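Peer 1: So you can see what is in the structure, the chains are spelled out below.
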Amino acid sequence: MNEVRIIGFDSLAETLDALARTTERISFINGGTDFINWHRRGRSESIVDLSRVQDLKYIKEESDLVRIGAGTTFAEIAANKIIRTKAAALAHAAAQLGSVQIRNRATIGGNIATASPAGDSLPALAVFDACIVTQGPGGERKLNLRELICGIGKTSLQEKELIKEIILPADGSKLSAFRKVGSRSSVTIARVSLAVLVGYNPSDNSISSGKAAMGALGADMVCLPTVEKFMAGRKVDNEFVETLARLLSEAVDQAIPDRDSRPYKAQAVKGLTFDIMNDLFGDKFNTL
Amino acid sequence: MIIALTVNGREHRLDVEPHERLLDLLRTRLRLTGAKEGCGEGECGACTVIMDGNAVNSCMVLAYQARGSHILTIEGLAPLGEMDIIQQAFVDHGAVQCGYCTPGMIMSTKALLLKNPRPTEAEIRAAIAGNICRCTGYINIVKAIAAAAEKLGEGGSV
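Listed in order, the protein sequences are those of chains A and B.
The opening position of the first sequence corresponds to residue 7 in the numbering used here, with each subsequent residue numbered one higher.
The opening position of the second sequence corresponds to residue 13 in the numbering used here, with each subsequent residue numbered one higher.
Just chain A, same shape as in the assembly:
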C-alpha cells in the first residue's frame, strides 16, 4: 500500500498538473469541516488540499450570471454584496450554516461535494438552477445539482475530478429567501430547509414565476413542478401563502412517507413557508 501523503498548491494549474501525474487514489479536502469528521479514522488515500488554491476563490457578475469559485467560503458568500442582492437565498443559507468558525473554513464546493441531504446551500442552488462546473482528467463538465448529486453522500464526480465553479443564472430581478429549522436556533444541522425564488410584479401584487426547493428530506432535493405551476400568476395574499404551505407540506408527506420525522417536518415546513413569505413581502402573513 502506498504511504498516505498530503499535497496542496496555490493555483488550479499546479493542482491539475499534479493530479494528472499521480497514480494514487486521492481524496480532496477544502475547508475540512466535513472531511475531518469522516475521513480521519482509517482512510488510506492520499489527500489533495484545495484550501490554498487562490483561483478557486471569487465571486463575480457577468451580465445575467453570478459566478462563484468553488473554494469560496460561506463567510465570504454571506457577506458578499452581489450574492446578497442577486441571490439572497444563498446569502441566507451561507449566513445560517454552522458557526463563525465553520463559515470561515467551509466552502460552497465542499458543501456540494459532501452531498449531505441537509447541505444548507443546496436548496438555494436548486431554485436558481445552478450550473456546477467540474474539472477532471476528462476535461470540463457542466452539471446541474440533480446530475451531480446522486444519493446521500454520493456524487457523479469521477476520480480526480474537482468542482471548479458554481454559476447562478441571477440577473437580480427576482426575490429569494432561505430558512431552516434544526434542533438549535443557531449552529444547527437542518431538519428541514426551504428556499423560494419568485419573480414578483409589485404593480398588481402578482407572482410571474416561482420555484421552491426543500432540503433534508432524504437523498433527493424536493423541488416540485406542481408547486411551480401553482405559484405562476398568483396574487400574493394570505390565501396564497396558506395554499403554498399546504402544497409543500403534502410534498414532505410524499417525500418521506415512512419516516418517524414526517409529521414534524410536514408541520415545520408550513412555518418555514410563512416565515419566507414574510421575509420576501414584509411581515403581513399570519401563521396558521
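Please keep in mind that the hints were generated in silico from the structure rather than gathered at the bench.
Values in this document were obtained by computation on a predicted structure and should not be read as measured data.
Where a beta carbon is used, it is the ideal one built from N, C-alpha and C, also for glycine.
Be aware that a few hints might be false.
In silico DSS-like cross-links for lysine-lysine, where the CA-CA straight-line distance does not exceed 30 Å [as the list claims (entries may be wrong)]:
| hint | chain 1 | residue 1 | chain 2 | residue 2 |
| --- | --- | --- | --- | --- |
| 1 | B | Lys155 | B | Lys127 |
| 2 | A | Lys290 | A | Lys276 |
| 3 | A | Lys87 | B | Lys127 |
| 4 | B | Lys127 | A | Lys63 |
| 5 | B | Lys127 | A | Lys66 |
| 6 | B | Lys127 | B | Lys163 |
| 7 | A | Lys148 | A | Lys235 |
| 8 | A | Lys87 | A | Lys290 |
| 9 | A | Lys87 | A | Lys66 |
Reference listing, derived: stretches of chain B covered by chain A, where coverage requires no fewer than 3 residues with Cβ under 8 Å from a Cβ of chain A [as the list claims (entries may be wrong)]:
| hint | region |
| --- | --- |
| 10 | 54 to 62 |
| 11 | 70 to 77 |
Given chain A, put chain B in place with the hints provided.
Peer 2: Then chain B, alone, in the frame of chain A:
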C-alpha cells in the same frame, strides 16, 4: 511533510502527519494547551484559534492546511503574563466558571473585535454561537464581551 507556520509571532518548521490536526500540532508539538479539545467535530468551539485573522476550529483544520499561516492562540494574548483587556473583562464579569470553554470563547471574542470593534448584543451572540459553555448560561460572557469592546473603544488595543 515539513511545513512552516507562525504561532503567536514565533516561526516554526515542523514535520507534520497527513491526518494531524492543527489542534494536535498546537497542543502536543508546541505544548500550547490553551486550545482545548471538546467535541472534536466542530460543534463546541473549545479549540478556537485565530488563523490569518479569522476564528477557526483548530480540530477542523489539518496541520498541513495551516502551512504559511499566522496562528494566534490564547497564549499569544498574554505573552508577558499580563492579561489583555478581553481576558480581564472575563475575570471582572464572572464570565469564567469551569474555564474549559474560556480560551475558545476569548479567541472568538478577539476575532470579533478585530473586525467589529463596536458589536451589538446580537452580533456578540452570533460571534460566540459556535462556542458552547455548559456552566455560565452566557449572560456574563456577553456582558464581559460588551465591556471589553467598550474599554477597547476608549483607546485600548485589541
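Peer 1: Now look at each hint and say whether the structure bears it out.
Peer 2: Consistency of the hints with the structure:
no.: 1; hint: B/Lys155 with B/Lys127; verdict: 19 Å, holds
no.: 2; hint: A/Lys290 with A/Lys276; verdict: 16 Å, holds
no.: 3; hint: A/Lys87 with B/Lys127; verdict: 17 Å, holds
no.: 4; hint: B/Lys127 with A/Lys63; verdict: 21 Å, holds
no.: 5; hint: B/Lys127 with A/Lys66; verdict: 24 Å, holds
no.: 6; hint: B/Lys127 with B/Lys163; verdict: 16 Å, holds
no.: 7; hint: A/Lys148 with A/Lys235; verdict: 27 Å, holds
no.: 8; hint: A/Lys87 with A/Lys290; verdict: 27 Å, holds
no.: 9; hint: A/Lys87 with A/Lys66; verdict: 10 Å, holds
no.: 10; hint: 54 to 62; verdict: holds (count 4)
no.: 11; hint: 70 to 77; verdict: holds (count 6)
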